[in-house]
Structure formats: C-alpha cells, structure tokens
Amino acid sequence: MVNSPGLTVAIFGGSFDPPHSGHQQIVQEALKHLDIDKLIVLPAYLNPFKSTSLADAKQRLEWCRILFADIPKVTVSDYEIRQQRSVKTAESVKHFKKLYDVKYLIIGADNLSTLTQWHDFEWLNEEVTWVVVTRPGFTLETDALRTWKLLTLNAPISSSTIREEKRIEKVDKQIAASVKNILEGQTLNDN
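When we follow our numbering, the leftmost residue of the sequence shown carries the number 1, and every step to the right adds one.
Mixed in with the good hints, there may be bad ones.
As the list claims (entries may be wrong) - Taking lysine-lysine pairs in the BS3-like style, the calculated list, with each CA pair at most 25 angstroms apart, reads:
| hint | residue 1 | residue 2 |
| --- | --- | --- |
| 1 | Lys170 | Lys73 |
| 2 | Lys58 | Lys166 |
| 3 | Lys73 | Lys58 |
| 4 | Lys38 | Lys149 |
Said to hold, decoys possible - Pair ranges (Cβ atoms, derived):
| hint | residue 1 | residue 2 | range |
| --- | --- | --- | --- |
| 5 | Leu31 | Ala144 | 20 to 28 angstroms |
| 6 | Asp35 | Glu164 | 35 to 43 angstroms |
| 7 | Lys58 | Leu150 | 32 to 40 angstroms |
| 8 | Gln84 | Lys32 | 31 to 39 angstroms |
| 9 | Lys149 | Asp120 | 17 to 25 angstroms |
| 10 | Asp120 | Gly185 | 36 to 44 angstroms |
Simulated from the structure, these hints should not be mistaken for laboratory data. All C-beta atoms in this analysis are idealised placements derived from N, C-alpha and C, irrespective of residue type, glycine included.
Construct the complete structure from the given sequences, taking the supplied hints into account.
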C-alpha cells in the first residue's frame, strides 16, 4: 500500500456476511455525498461483538472484491483479515491514518446504541466524522457523537435477515449462487 497522506478517505467496515444491495447502496451514496478521494471497504475477520460468522473471512473478502473493487474510488482492503483475529475499529483507523487522511467512518444506525462501548470510542470520536446510515426500525441516537453526517437509505435489508430467512433476492447476482450454497450448507465458521 502506498503512503498517500493527502488522500481523504472514508472507511466502511463490517462483517459483510453476506454483502447485499444495501451495502452496495451505501457505497454509492457515500461516493455521491462525501468529499473523499477514496472509500475503503473493510471486511472484518470477525466482528468484535460476535463469536462466529456464516461465511469464512476469505469468502467474505472475495464477495466484497467482486462487488466493489471495480468501482472508481473504492478499494477493498484485506487489512483486518490479514490480522487473523478480531480487530477493533480504532486499530484499523490508526492503521489507515498512517497512510491517508481518514475523515469519515461509515456506520449503520443500528450501531448507535452500543457505539460508546466500542474500544477507544473517545479517541475515534475526536478523530473522525461519523457517517450514520439510516436503518428502518433504528432511531438516530447521535448525542454522543462529536460530528456526524447522515446518509439516508431506504434499504430494508440486513445480512442477518438474509442468513435467517435464507433468501437471496437482495444479494447481487454476481455472488448469489455462492451465497446460496453457503446458506444451504449453513455452518457457522470461527474463521
């Protein structure tokens, strides 16, 4: 990775288990509404608040590369997956701050209720502008955020719903067969 401290970036991390049309809309809306040079899609090795995932880390990284890597200004990073462990968001932001001007951290509104429990929340809160993506059924509890922007999205879908209902209508056709195969064999991975 080339050191480009002048490039302004947003980080969009998550489990992407599996990635779906809502994730794709978030990327498109972020590119449209944020003044950034690059958007980093950052699949987690394992979400720090979870103990398992449906698809293993390599598969989720591959899905993200298929869906996002060819979009101008988007990079899919394997940083967290290369660590072979659960990585806290603050650790990833610190890593990317060595390479870029990390201005934004994109999160779903569903994260707001537990955000202050994140490792190094106070540091993150000083360092980034939070980009909060609306989610049906979740309120915008933003009082703890120093600075934030809203990305309004009408995408009533979640990876959890796809896993629970085993329905792939909201999964891009480029990865739908692969996701379906994993859903049908539904075994949880410890990565």
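Taking the hints in turn, this is what the structure says about them:
Proximity of lysine 170 to lysine 73 is assessed by CA-CA distance (about 24 angstroms); at most 25 angstroms being required, the pair is judged to hold. Of the supplied pair hints, the one linking lysine 58 and lysine 166 holds, its CA atoms being roughly 21 angstroms apart against a limit of 25 angstroms. Proposed proximity of lysine 73 and lysine 58 is supported: the alpha carbons are some 22 angstroms apart, at most 25 angstroms. The straight-line distance between the Cα atoms of lysine 38 and lysine 149 is roughly 17 angstroms, inside the 25 angstroms bound, and the hint therefore holds.
Separated by about 27 angstroms at the C-beta atoms, leucine 31 and alanine 144 satisfy the suggested range of 20 to 28 angstroms. At about 37 angstroms, the CB distance of aspartate 35 to glutamate 164 agrees with the hint of 35 to 43 angstroms. Here the CB-CB span from lysine 58 to leucine 150 is close to 34 angstroms, well matched to the stated 32 to 40 angstroms. Distance hint check: the CB atoms of glutamine 84 and lysine 32 are about 35 angstroms apart, consistent with the given range 31 to 39 angstroms.
In this structure the supplied range 17 to 25 angstroms holds for lysine 149 paired with aspartate 120, their Cβ-Cβ distance being about 21 angstroms. Taken as a hint, the range 36 to 44 angstroms holds for the pair aspartate 120 and glycine 185, whose Cβ atoms sit roughly 37 angstroms apart.
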